[in-house]
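Peer 1: Now for the letters of each chain:
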Amino acid sequence: MKKLINDPKSVVDESVQGFGQAHSDLVSVNSDPIFVTRKDAPVSGKVGLVSGGGSGHEPLHAGFVGKGMLDAAVPGAVFTSPTPDQILPATLAANSGAGVVHIVKNYTGDVLNFETAAELAEGEGVNVRTVLVNDDVAVEDSLYTAGRRGVGGTVLVEKIAGAAAERGDDLDAVAAIGERVNSNVRTMGVALTACTVPHAGKPSFDLAEDEIEIGIGIHGEPGRHRIPMENADGITDRLLEPVLSDLGVTSGDKVLLFVNGMGGTPLSELYIVYRRAAQVLADRGAAVERSLVGNYITSLEMQGCSISVLRLDDELTGLWDAPVHTAALRWGL
Amino acid sequence: MKKLINDPKSVVDESVQGFGQAHSDLVSVNSDPIFVTRKDAPVSGKVGLVSGGGSGHEPLHAGFVGKGMLDAAVPGAVFTSPTPDQILPATLAANSGAGVVHIVKNYTGDVLNFETAAELAEGEGVNVRTVLVNDDVAVEDSLYTAGRRGVGGTVLVEKIAGAAAERGDDLDAVAAIGERVNSNVRTMGVALTACTVPHAGKPSFDLAEDEIEIGIGIHGEPGRHRIPMENADGITDRLLEPVLSDLGVTSGDKVLLFVNGMGGTPLSELYIVYRRAAQVLADRGAAVERSLVGNYITSLEMQGCSISVLRLDDELTGLWDAPVHTAALRWGL
Amino acid sequence: MVLDVTWTVKWLTLCAQAMAEHRVELIELDRAIGDSDHGENMDRGFQAVLDKLSESPPETPGAALKLTAMTLMSKVGGAAGPLYGTAFLRAATSLGDAAEIDPAAWAGALTAARDGIVARGKAELGDKTMVDAWTPAAEAAGKAAGNGSTDPLTVLVAAAEAAEAGAVATDPLVARKGRASYLGERSAGHRDPGAASTALLLRAAVKAAA
Amino acid sequence: MVLDVTWTVKWLTLCAQAMAEHRVELIELDRAIGDSDHGENMDRGFQAVLDKLSESPPETPGAALKLTAMTLMSKVGGAAGPLYGTAFLRAATSLGDAAEIDPAAWAGALTAARDGIVARGKAELGDKTMVDAWTPAAEAAGKAAGNGSTDPLTVLVAAAEAAEAGAVATDPLVARKGRASYLGERSAGHRDPGAASTALLLRAAVKAAA
Ligand SMILES: Nc1ncnc2c1ncn2[C@@H]1O[C@H](COP(=O)(O)OP(=O)(O)O)[C@@H](O)[C@H]1O
Ligand SMILES: Nc1ncnc2c1ncn2[C@@H]1O[C@H](COP(=O)(O)OP(=O)(O)O)[C@@H](O)[C@H]1O
Ligand SMILES: [Mg+2]
Ligand SMILES: [Mg+2]
Ligand SMILES: [Mg+2]
Ligand SMILES: [Mg+2]
Chain V
1 MKKLINDPKS
11 VVDESVQGFG
21 QAHSDLVSVN
31 SDPIFVTRKD
41 APVSGKVGLV
51 SGGGSGHEPL
61 HAGFVGKGML
71 DAAVPGAVFT
81 SPTPDQILPA
91 TLAANSGAGV
101 VHIVKNYTGD
111 VLNFETAAEL
121 AEGEGVNVRT
131 VLVNDDVAVE
141 DSLYTAGRRG
151 VGGTVLVEKI
161 AGAAAERGDD
171 LDAVAAIGER
181 VNSNVRTMGV
191 ALTACTVPHA
201 GKPSFDLAED
211 EIEIGIGIHG
221 EPGRHRIPME
231 NADGITDRLL
241 EPVLSDLGVT
251 SGDKVLLFVN
261 GMGGTPLSEL
271 YIVYRRAAQV
281 LADRGAAVER
291 SLVGNYITSL
301 EMQGCSISVL
311 RLDDELTGLW
321 DAPVHTAALR
331 WGL
Chain X
1 MKKLINDPKS
11 VVDESVQGFG
21 QAHSDLVSVN
31 SDPIFVTRKD
41 APVSGKVGLV
51 SGGGSGHEPL
61 HAGFVGKGML
71 DAAVPGAVFT
81 SPTPDQILPA
91 TLAANSGAGV
101 VHIVKNYTGD
111 VLNFETAAEL
121 AEGEGVNVRT
131 VLVNDDVAVE
141 DSLYTAGRRG
151 VGGTVLVEKI
161 AGAAAERGDD
171 LDAVAAIGER
181 VNSNVRTMGV
191 ALTACTVPHA
201 GKPSFDLAED
211 EIEIGIGIHG
221 EPGRHRIPME
231 NADGITDRLL
241 EPVLSDLGVT
251 SGDKVLLFVN
261 GMGGTPLSEL
271 YIVYRRAAQV
281 LADRGAAVER
291 SLVGNYITSL
301 EMQGCSISVL
311 RLDDELTGLW
321 DAPVHTAALR
331 WGL
Chain Y
1 MVLDVTWTVK
11 WLTLCAQAMA
21 EHRVELIELD
31 RAIGDSDHGE
41 NMDRGFQAVL
51 DKLSESPPET
61 PGAALKLTAM
71 TLMSKVGGAA
81 GPLYGTAFLR
91 AATSLGDAAE
101 IDPAAWAGAL
111 TAARDGIVAR
121 GKAELGDKTM
131 VDAWTPAAEA
141 AGKAAGNGST
151 DPLTVLVAAA
161 EAAEAGAVAT
171 DPLVARKGRA
181 SYLGERSAGH
191 RDPGAASTAL
201 LLRAAVKAAA
Chain E
1 MVLDVTWTVK
11 WLTLCAQAMA
21 EHRVELIELD
31 RAIGDSDHGE
41 NMDRGFQAVL
51 DKLSESPPET
61 PGAALKLTAM
71 TLMSKVGGAA
81 GPLYGTAFLR
91 AATSLGDAAE
101 IDPAAWAGAL
111 TAARDGIVAR
121 GKAELGDKTM
131 VDAWTPAAEA
141 AGKAAGNGST
151 DPLTVLVAAA
161 EAAEAGAVAT
171 DPLVARKGRA
181 SYLGERSAGH
191 RDPGAASTAL
201 LLRAAVKAAA
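The listed protein sequences derive, respectively, from chains V, X, Y and E.
Counting along the first sequence from 1, when you hit position 50 you're at 50 in my numbering, and nothing is skipped either side.
Counting along the second sequence from 1, when you hit position 104 you're at 104 in my numbering, and nothing is skipped either side.
Counting along the third sequence from 1, when you hit position 110 you're at 110 in my numbering, and nothing is skipped either side.
Counting along the fourth sequence from 1, when you hit position 57 you're at 57 in my numbering, and nothing is skipped either side.
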């Protein structure tokens, strides 16, 4: 394992410290317990947005703290959801009195820890609503499992709910927008290589030189099935088909197409995937009105990508376009 | 070799096509010969900025086409500088009559091809100035070699010269600003792994699990020397020391600190490097006034990073802060 | 042998030791069907428990378990943190202020722990989770205590052996809860990491009494 | 054997064939001390030359070389594109409109090509570049032609053999120009890719005449 780290145990602390220093105009970093807040949090009168989860998915979530998006991000250990004693003070810091929305990816650990924190925050007089993100169509039979995972769609929920909070929506309205995004987005991912969790010291799974994992999550877990390597167009089709049929995309739909890199794949390859996905969508008669291509929700240095499609309406498009100023997503400001 | 590509021969074409589709609000893509221009090029009265080079360094250069930065980018084959018959029409497309600055990384191929294109463009009545970027302190004895390479500093030259052009500086002034940036920036890089050029099909060099290459360029070429793996702080010190001493950074200097990922390294690790570099600069009494952390000039999926330090003055800082709207760098717009 | 606060602290100390010793093994189990962190999480959590125990030595077994619960909640994270946190908290509550744990109390504590995990995690027996270790352990302890055994060791051993068997029995199962459930059929053929750590914790209870 | 336009086109065709056949080998040489693209670049360039030659068949050797020059300039890129482009352009100019290439003209063309490369690339003999193959080739051709040989084959062979020896002689050198120069001492012990491709091109000239 070769990584630009000093010690597996200090990876998150040091990385978040560096992040805080590089973006000291945008964020403040609290160190014990560790969490990141918007420099000007809490923003008077505004609903607070808090998200968090295991580390290793950078820029998610700290990279999305700032005007128009999150008020606080809570990083856990690598691939391990944070604990209530981190989430609670982050929630308090984000609360201006208008209440706080927790954006939680649907993993048992995240759900349980945020649940406890929400309970504790309510106990301290903060109104909390939780938006559960579960956009991963790779998880089948979700009735008989922990349900679908939250993956790429999380970024879109954070951006759009963030814009709703920024324009002054109240607590229920912000949560409702977040849920609307979640119910209109689907994602599926592929891994060409595994990633190596620093404390584990070896790849999270073993994959032959001619195999890929289809339907991976973002924690280096193996995917739903393993197939021989294919070309970019073939892989794109495999990811996109379940996304489009689950979402029920039909001719005339307006969509946002998000091709996300898992961390170790060159941007140039993401654009090759984008090209094919846009082609397929055009063939279906759907209009790609907005797009996002890059490494936004990653699995350390994993090679691969995920494709998310969000069905847009005028309000969601407007909120997507609204100004945002974070370390990783910025426009209009 | 596992890559999200269809065919090594179509990588650049398909990737640039996808790029053009994803950013159709910003750029136009010309396909034969291939080059990318700002949607509204040529911008009346403005000096045009054109850069280019081998592909595989994405988002460089096409990702920097847009308001406040480049007017055109010319992608060559992977790691192969583009040809005059691409550079010439890109230059003509960028020329509003105010002349064009070529920003060229100092590699024999880039220099020769841009030189020819500049000659041809002059023949067609376009005034061309060339800013040669050669910031890589890894190349020693540069008198007896092709000279220092252009690496991370290129991004800074393109941003700042782009801002100068945008504010209305004339041809010589824009070129002079570009040269000023170049003479105030130094860079050094490290590779933890090699990258694989699609048409070559195997890693560009062989590196053991416990070795790293110090002083790499951005073309997957081996570095200046090979050492056993070290921790992030140790590596950072090794990269930063030659940068600071060559640049002659002293107490009281104001600098921009740029930690650049080579494409396959997680963002979290770049922040660990940033943290140490900021520490070292603080110890030297230098003030980090601006920073940039991320994958901006890459070597395909190579793992590693480079550190650039730019000495700032008020004018350079102002130009850095000026609005920019490109696919990969955006603020104030 | 009396299961007093001294035994409890010894047990928790041996838990920490077991998590450190089996850290890599638990990471490996989680690597196969999860995200490679279970051993790291448990090790980090129980090292913190050791610190807390020496910072503020508890006066009763219940207090020791409550301290453990709070520490695991705030240091482990992931699924295991809240689940083990809840388990230890419920066990602590079930023990109350008692100075000693008799066989029936141990069986009661395990049952409370198990119920807490089920209440939080909504997993059923056979879902390939730590519930598959806690359930037979609680039942075996109840049975051993019900048999009128007054030797705490018998109950501890019964629970540990049942947990171990329960963990082994997760091998062929297809996971329906937790991260492993995303793998579908591919989760079969691997032991559940949480069930494995449960067995280690309950085995440590035996060692503490030996 | 007369070195007319037919021979010239045959030579260029064999050049394309050689670049395709040795593509991987040239990539490998460039991988060691450069950026793994020389074989790919040369192959792409000469395939384009083939297309051009069949699109607009040239009437003289000089015209064929000029077409080659323009095509290499616009299809090869990198350092090799402009350098080979210049080489073929200068050779074309030196041949003028002549219908045939006699030994002296071949030597003159090689010398012009070499001078063109040096003018563009500023490399000196011993800098571990293609100049190290072109220089001895031009000299050997000049010498063979000067010896009054009227058989073109002798001159072609002399040039090819000298280029091959020149390429081999780059092995121990430390590069001072081009991408390999960044490696410093580490470039020693590897053959320069551009010198190797030069040798292949001049060997193809022999084959075309055989
Ligand atoms: N819903 C659940 N109910 C009971 N136990 C669960 C549940 N979900 C997960 N677990 C247990 O948690 C273990 C995983 O813990 P850990 O790896 O630390 O957390 P994470 O899955 O968040 O990475 C699993 O092996 C399983 O025993
Ligand atoms: N300044 C120079 N003068 C002469 N030949 C050069 C010079 N620089 C590079 N070369 C030749 O070009 C070859 C490399 O070509 P190629 O790999 O196609 O281009 P690049 O170096 O741009 O990747 C080298 O092996 C060398 O022979
Ligand atoms: Mg986890
Ligand atoms: Mg090259
Ligand atoms: Mg886990
Ligand atoms: Mg090369």
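Mixed in with the good hints, there may be bad ones.
With a Cα cut of at most 25 Å, we get these calculated DSS-like pairs of lysine-lysine [said to hold, decoys possible]:
hint, chain 1, residue 1, chain 2, residue 2
1, E, Lys-10, E, Lys-207
2, X, Lys-202, V, Lys-202
3, Y, Lys-10, Y, Lys-122
4, X, Lys-39, V, Lys-2
5, V, Lys-39, X, Lys-9
6, E, Lys-143, E, Lys-52
7, V, Lys-2, V, Lys-202
8, V, Lys-254, X, Lys-254
9, Y, Lys-10, Y, Lys-207
10, X, Lys-2, V, Lys-2
11, X, Lys-202, X, Lys-9
12, X, Lys-2, V, Lys-202
13, V, Lys-9, Y, Lys-52
14, E, Lys-207, E, Lys-122
15, Y, Lys-207, Y, Lys-66
16, E, Lys-52, E, Lys-10
17, Y, Lys-66, Y, Lys-52
18, X, Lys-9, E, Lys-207
19, Y, Lys-52, Y, Lys-122
20, Y, Lys-52, Y, Lys-10
21, E, Lys-207, E, Lys-66
22, Y, Lys-52, Y, Lys-143
23, V, Lys-254, V, Lys-9
24, E, Lys-10, E, Lys-122
The calculated label-pair distances, taken between Cβ atoms and stated as ranges, are [to be verified]:
hint, chain 1, residue 1, chain 2, residue 2, range
25, Y, Lys-122, V, Asp-7, 20 to 28 Å
26, V, Asp-237, X, Ala-287, 27 to 35 Å
27, V, Ser-10, X, Ser-96, 33 to 41 Å
28, V, Ser-31, X, Ser-96, 50 to 58 Å
29, V, Pro-323, E, Ala-20, 33 to 41 Å
30, V, Trp-331, X, Glu-289, 21 to 29 Å
Derived list of chain Y stretches under chain V, where covered just means 3 residues or more per stretch with a C-beta under 8 Å from a C-beta of chain V [what the hints assert, rightly or not]:
hint, segment
31, 38-46
32, 71-84
33, 171-179
34, 182-196
Worth flagging that the hints you see were computed from the coordinates, not collected in a lab.
Note that the Cβ used here is the ideal one computed from N, Cα and C, for glycine as well.
Peer 1: Could you run down the list of hints and mark each one as holding or not?
Peer 2: Okay, the hints, checked on the actual structure:
no.	hint	result
1	E/Lys-10 with E/Lys-207	9 Å, holds
2	X/Lys-202 with V/Lys-202	22 Å, holds
3	Y/Lys-10 with Y/Lys-122	31 Å, violated
4	X/Lys-39 with V/Lys-2	42 Å, violated
5	V/Lys-39 with X/Lys-9	48 Å, violated
6	E/Lys-143 with E/Lys-52	34 Å, violated
7	V/Lys-2 with V/Lys-202	10 Å, holds
8	V/Lys-254 with X/Lys-254	47 Å, violated
9	Y/Lys-10 with Y/Lys-207	9 Å, holds
10	X/Lys-2 with V/Lys-2	20 Å, holds
11	X/Lys-202 with X/Lys-9	15 Å, holds
12	X/Lys-2 with V/Lys-202	19 Å, holds
13	V/Lys-9 with Y/Lys-52	20 Å, holds
14	E/Lys-207 with E/Lys-122	31 Å, violated
15	Y/Lys-207 with Y/Lys-66	21 Å, holds
16	E/Lys-52 with E/Lys-10	14 Å, holds
17	Y/Lys-66 with Y/Lys-52	11 Å, holds
18	X/Lys-9 with E/Lys-207	30 Å, violated
19	Y/Lys-52 with Y/Lys-122	30 Å, violated
20	Y/Lys-52 with Y/Lys-10	14 Å, holds
21	E/Lys-207 with E/Lys-66	21 Å, holds
22	Y/Lys-52 with Y/Lys-143	34 Å, violated
23	V/Lys-254 with V/Lys-9	45 Å, violated
24	E/Lys-10 with E/Lys-122	31 Å, violated
25	Y/Lys-122 with V/Asp-7: 20 to 28 Å	37 Å, violated
26	V/Asp-237 with X/Ala-287: 27 to 35 Å	52 Å, violated
27	V/Ser-10 with X/Ser-96: 33 to 41 Å	52 Å, violated
28	V/Ser-31 with X/Ser-96: 50 to 58 Å	52 Å, holds
29	V/Pro-323 with E/Ala-20: 33 to 41 Å	54 Å, violated
30	V/Trp-331 with X/Glu-289: 21 to 29 Å	23 Å, holds
31	38-46	holds (count 3)
32	71-84	holds (count 11)
33	171-179	holds (count 5)
34	182-196	holds (count 4)
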